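One letter stands for each residue in the lines below.
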Amino acid sequence: MRNGIVVENLGKWFSRFHAKKPVTFMEAAIAGLRRMKPVEQFWALRHVSFTVEPGEMLGVIGHNGAGKSTLLQLLGGVAFPTEGTIQVQGRLGALLDLGAGMHGDLTGRENVYVMAIAAGLTRRAVSRRLDQIIDFAELDGFIDNPVRTYSSGMMMRLAFSVAIHTEPNVLLIDEFLSVGDLSFQAKCLNRIADIKENGCAIVFVSHDAGQVERLCDRTLWLRRGEVVAYGEPEVVVGQYVSEMRSQTQQRTPSRPPQLTEAGSTLKVNENRFGSLEVEVSAVRLMPKPKIISGDGLVIEIDYKCNQRTITSAIFSVSLSQPDGQKCLDINTVDMGLTAVPLDDCGTLRLSIERIDLASGEYFVDVGIYEQEWSYAYDFHWHVYPLIIESSTVSKGLLIPPMRWEVASKDHVRNKTRNF
Amino acid sequence: MRIPLLRRSSRQRWRLDYLWDLLRSLVDRDMKLMYKRSVLGIAWTLINPLLQLAVFVFVFQLILRVDIPQYASYVFCGLLVWTWFQNALFQATGLIISSRPLIRQPGFPVAILPIVIVTTGLIHFLLALPVLVVFLLLDGVQLTPLVLILPLLNIIQFALTVSIAYFLAALNVTFRDTQHTLGVLLQLLFYLTPIFYDLSSIPDEYWYAYGLNPLVHLVTCYRQILIWGVQPDWLALAIISGCTAIALPLGYLVFKRQSLRFVEEI
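Protein chains in written order, with our numbering: chain U, 1 to 419; chain H, 1001 to 1266.
These are calculated hints, taken from the structure and not from any lab test.
Here the structure is a predicted model, which means the values were calculated and not measured.
Note that CB positions come from ideal geometry on N, CA and C, so glycine has one too.
It is possible that some hints are incorrect.
Listing some non-contacts, in silico: residues in chain H with all C-beta distances to chain U over 10 Å [unchecked claim]:
{"id": "1", "residue": "1086"}
{"id": "2", "residue": "1186"}
{"id": "3", "residue": "1234"}
Derived lysine-lysine pairs resembling DSBU-like cross-links, with alpha carbons at most 35 Å apart [to be verified]:
{"id": "4", "chain 1": "U", "residue 1": "288", "chain 2": "U", "residue 2": "304"}
{"id": "5", "chain 1": "U", "residue 1": "187", "chain 2": "H", "residue 2": "1032"}
{"id": "6", "chain 1": "U", "residue 1": "196", "chain 2": "H", "residue 2": "1256"}
{"id": "7", "chain 1": "U", "residue 1": "304", "chain 2": "U", "residue 2": "267"}
{"id": "8", "chain 1": "U", "residue 1": "196", "chain 2": "U", "residue 2": "288"}
{"id": "9", "chain 1": "U", "residue 1": "304", "chain 2": "U", "residue 2": "326"}
Turn these sequences into a full structure, and let the hints guide you.
The structure is reproduced here in structure tokens:
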């Protein structure tokens, strides 16, 4: 029997309830039953069709509210479609809210049993795989400690390890790849590639378009419950990213050129992009915009929030050469600051301990984005120059602290004798 | 026609040995969680009814002087039955909301959750049984072969509790204060169940309303076989079993529907 997923013309009719829908007997008695009716009904998903063959990985991208999680629920069988059909064959596994089912007072081992059995394994099967699970999670010495003593990374590793060892034929993944440290992420990715190779059909939901492009064989792009595009990842992701860019451009209001504190001119759609609902009002490079390679740098970003309804945003900073080559590209989300809360105006500071770049002229590009990366509020490109000087001559980009040593033969012999 | 193949793969999950494993591991988890952080551990199972018993004996033997023979056995028997019923219902009511990660697991048999809680209660009941036997012997009760009917009573009470738990847990999804309300109602029901007083003191004209409470009959049946050594009230047991046989599948359906709705609503 072939495993895999076949979805045809899937639709899910959804009701949104009054925000003040009574949740207690008391409130229901006071408000009457009229608030019990939904205030809004809509298609959370409509006309969605796709196939995931065994050994294939489908990436699903789209903004929040596009219907991604609804799709996962339907595939997982925890919600039922209003129209259309879903065929899922084989054992179904899921990497949804990882670690949510764990109990802090139980040991890692006890939690493994509960989670794995709840995921569909028998007790015997868990016992057989227990060593593999612990080994993969790299928790050898800790497995009999209560989970409440674990770091969040350890918990994630354990949860991931359990989910991956249930040997599913069909696997549903919901943005998990922020699990643990980088080396563990790589391990997870390898493991997923293995599982895929062994004929598992995978559906991967993410709003990180880059990840989807790298990992998936096909991509489905959803917007407000409808399929915008379905096909090769390069093509679909390309469309998705360019739409985000054009959305930003459409939202960019016209505004006369402005001067920055340092005297550069800011021109909309030339070196500044975005809706300007939140503005970068000033950027200060400290101690000064001219440093010596190996020095530290503090970047202070002043922002002004023009829209009361916006309460959080993503900040990004990149260091690039005049030709656009990026030397550093970071943002708040990837560094664990999932939402930067905004005041009317305020300052965000990024401290870089040392910058080991070759001497030359660079630019600090600064951006503020909508919380889901939908579009940019304000992005200043090649506005703030940074001069780096160095006494070391290097043709490359990097000048880390380094030195040459001539190791004499005596020295080597001495060393060996010491052993 | 709709999702026939999904059904097939989830039927795999209904293998009995798997369900048994699942039940065992979830009960095991609940027991461990309950006692992990307390020094007295499993002894709590006994301490609570014993303390209650002490209070009842003090109040109704020394202050108010209720004239019931073998009073300690009489009260303790009632307390054990009641405690199982009350704790299971109270815990099961908050179930759907507290078990979201499990419910979201594809193919997880949600309906097992209330069964887990009632089973945990049953285990506590069985653990306390030896203490009851000690009281019976101290009170000079002669155990008869009728004691062997005990498992049947346990099964009936089990099924009854599970069916009510299904409804209450489902209701708690729509009205989140069900659990609090239930706490109050259970306390009232406690006084309307013959735990520490005698059934013969109920005035005849109130008997019909009073007798609607199934616990009245269950508690009495337990006492009939354990203390008095007489046949249980078979008619009452048959009626309770009949009602449960109808309520159980209904409750199961409602519970299942509500737990799916709860997951969807987020």
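How the hints compare with the structure:
{"no.": "1", "hint": "1086", "verdict": "holds, 20 Å"}
{"no.": "2", "hint": "1186", "verdict": "holds, 16 Å"}
{"no.": "3", "hint": "1234", "verdict": "holds, 38 Å"}
{"no.": "4", "hint": "U:288 x U:304", "verdict": "holds, 23 Å"}
{"no.": "5", "hint": "U:187 x H:1032", "verdict": "holds, 33 Å"}
{"no.": "6", "hint": "U:196 x H:1256", "verdict": "holds, 33 Å"}
{"no.": "7", "hint": "U:304 x U:267", "verdict": "holds, 18 Å"}
{"no.": "8", "hint": "U:196 x U:288", "verdict": "violated, 51 Å"}
{"no.": "9", "hint": "U:304 x U:326", "verdict": "holds, 27 Å"}
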